[in-house]
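Residue-level listing of the chains:
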Amino acid sequence: MAKYILRRIVYMLITLIIIATATFFLMKLLPGSPFSSIGAKLTEEQEAILLEKYGLDEPLPVQYAKYMVNMAQGDLGVSFQYNNRPVTDIILDRLGPSAHLGAQALIIGTILGIILGMIAAIRHNTWVDYSSNILAVIGISIPSFVFAGLLQYYFAVKWQIFPPSFWEGPIYTVLPTIALMIFPMAVCARFMRTEMLEVLGSDYIELARAKGVKSTSIMFKHAMRNALIPVITVLGPMTVSLMTGTLVIEQIFAVPGLGEQFVRSINENDYPVIMGTTMLFSVLFISIILIVDLLYGLIDPRIRVSGGKD
Amino acid sequence: MSPVLEVKNLHVHFETYGGTVQAVRGVNFELNEGETLAIVGESGSGKSVTSKSLMGLIPRPNGKIVEGEILFENQDLAKLKEKELQKMRGKDISMIFQDPMTSLNPTMKVGKQIMEVLMLHQKLSKKEAKKRAIELLDLVGIPFPDKRVDQYPHQFSGGMRQRVVIAIALACNPKVLIADEPTTALDVTIQAQILELMKDIQKKMNTSIIFITHDLGVVANVADRVAVMYAGKIVEIGTVDDIFYNPKHPYTWGLIGSMPTVDSQEEKLYAIPGTPPDLLYPPKGDAFALRSNYALAIDFEEAPPMFKISDTHSAATWLLHEDAPNIEPPKAVKLRMEGMAKGAGGDMNGDVNNE
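If you're matching them up, the sequences are chains A and B in order. When you line the first sequence up against UniProt numbering, it's residues 1 to 310, in that order. When you line the second sequence up against UniProt numbering, it's residues 1 to 355, in that order.
Think of the hints as simulated: they come from the structure by calculation, not from any bench. Please note: incorrect hints may appear among the correct ones.
Below are the BS3-like pairs computed for lysine-lysine, each with C-alpha atoms no more than 30 Å apart in a straight line [claimed, not checked]:
{"hint": "1", "chain 1": "A", "residue 1": "Lys214", "chain 2": "B", "residue 2": "Lys8"}
{"hint": "2", "chain 1": "B", "residue 1": "Lys175", "chain 2": "A", "residue 2": "Lys214"}
{"hint": "3", "chain 1": "B", "residue 1": "Lys81", "chain 2": "A", "residue 2": "Lys214"}
{"hint": "4", "chain 1": "A", "residue 1": "Lys221", "chain 2": "B", "residue 2": "Lys123"}
{"hint": "5", "chain 1": "A", "residue 1": "Lys221", "chain 2": "B", "residue 2": "Lys147"}
{"hint": "6", "chain 1": "B", "residue 1": "Lys109", "chain 2": "A", "residue 2": "Lys214"}
Calculated Cβ distances over 10 Å to all of chain B for the following chain A residues [claimed, not checked]:
{"hint": "7", "residue": "Arg8"}
{"hint": "8", "residue": "Tyr64"}
{"hint": "9", "residue": "Pro256"}
These numbers come from a predicted model, not from an experiment. Built from N, CA and C at the ideal position, the CB exists for glycine as well.
Whole structure, please, built from the sequences with the hints as guidance.
Structural data, given as structure tokens:
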């Protein structure tokens, strides 16, 4: 097991290097220069000084090599925009709200989705099933920013139940969380329903019934675990789409999170912040995939990895 | 001897989009203590539905017992509520399924699946249940039961899994065990082992077994009595000897005639012509009449009643009516019957030879 995890971590590092390289060169293709958007007009001379200061006058391969060496040592550089604040500082500052929002949406969405899917499966072919199905289709096909706008309009502007934006306490998290969790909820509900129906029709459930096990125990002890395996598969990609979802949702609700910062940095050609944020997202993505793979083994003994078997 | 289980005029229907499927259309039989009753018939003849309705396991809400009684220990199982059925299932009546590869929960330890029944019905503590689970695994012939108890189904072979399923079924010493084609999915060598195991355990526990199969070889090996089902009805019932040496119903003739033997002289295997009737629209009269060479005019008008041939043997065919012409079974079937009578020492008296 330890060997397996170690091997996976090596692969992760290779993936990260590839991502860093690709992002670095792609980012340099962005139009404009980091200093063109600063309010005051710079003379050519001043701009040259700034470029030299940040090492942007050197040939690209040299810049790339320097960046990679620094990053390996944990130094992500300083921002071009915020009075030379280190990128790590900016990211750490912004990480809190994003992580909070993302985790809240993912956990609530997944749990609600699983419950909804199970209820739909148990009440198969009744109005409960049909309405949960319609909800799921709506949740999957309508993008989160549409919900965000609607939620803002009705709950914040019209009925004034929740604040429309900003990030100043638990009540502020309600609307963005709902907007963000609808997609994972819908996906989970659909998967869970299909899987539950399949599992409930299987021989081992009939055997459990023949043993005299109560219907509720059959649902939770026998069926749920087996139905969860494919749901976990979608959990990985879903988390990823949730992260990209936060980019838009944070803009709409003015949440001071990473996503909002990321979009702004791209507009401002703030190379170190773009790189730093991209790397953070990548690390998260790759870790989630690893965690999902390890989760399989926890739930399904057949997929459990045996150490050292190559 | 009073019967353990008595089924009277059982009718089971399924509501489908196409209409009502009359899967079981008036089944009567009784099961005595310690005996093995084999129910044989083609796919779709209603054998499995009959056995599942005994346990209240017919898929609801589509399937329903519309008529009839299932008498077990002074109560009618057909009228019990789901809650009461749950208490009975696994304790008084339990079941072995056809495919051991899919009938165990893949994400639950084998021991836990056995312990579940014990803790549910016998209210054993976790520790006691585990001890008993190990004993049961030992009883069904699984080596190293104390290690195996903590393993998952995928670590067992097909035959071993069927042994585990048997252990689950026997955990609470049920009075009736329903085995729904328990050997069909297994290799022939493993089949023989599982049959031996079941016979062995039956002797030890005095369980009554309903053995559903379409393998007449297995029937000859395990059964005391045989019920032949066709189109949702029992068409002939009797002891093994009655059915194999003195069959009266043309359908039973067909079944026996289509059984291959080692010393078959004909090159072509006999098959019953035609297909079973559509139970959405069961035919008027005798359901087998259309496929039978011996059908009488009345067969197309009125369903035959059960005619008693001896104390143990009866069959539902108009051929047994006193006005019916005297018809002998076809030659191929006669040859087969004679062949079996000659070779009877092997299969039929297997028990005697073993002792």
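Which of the listed hints are not met by the structure? none
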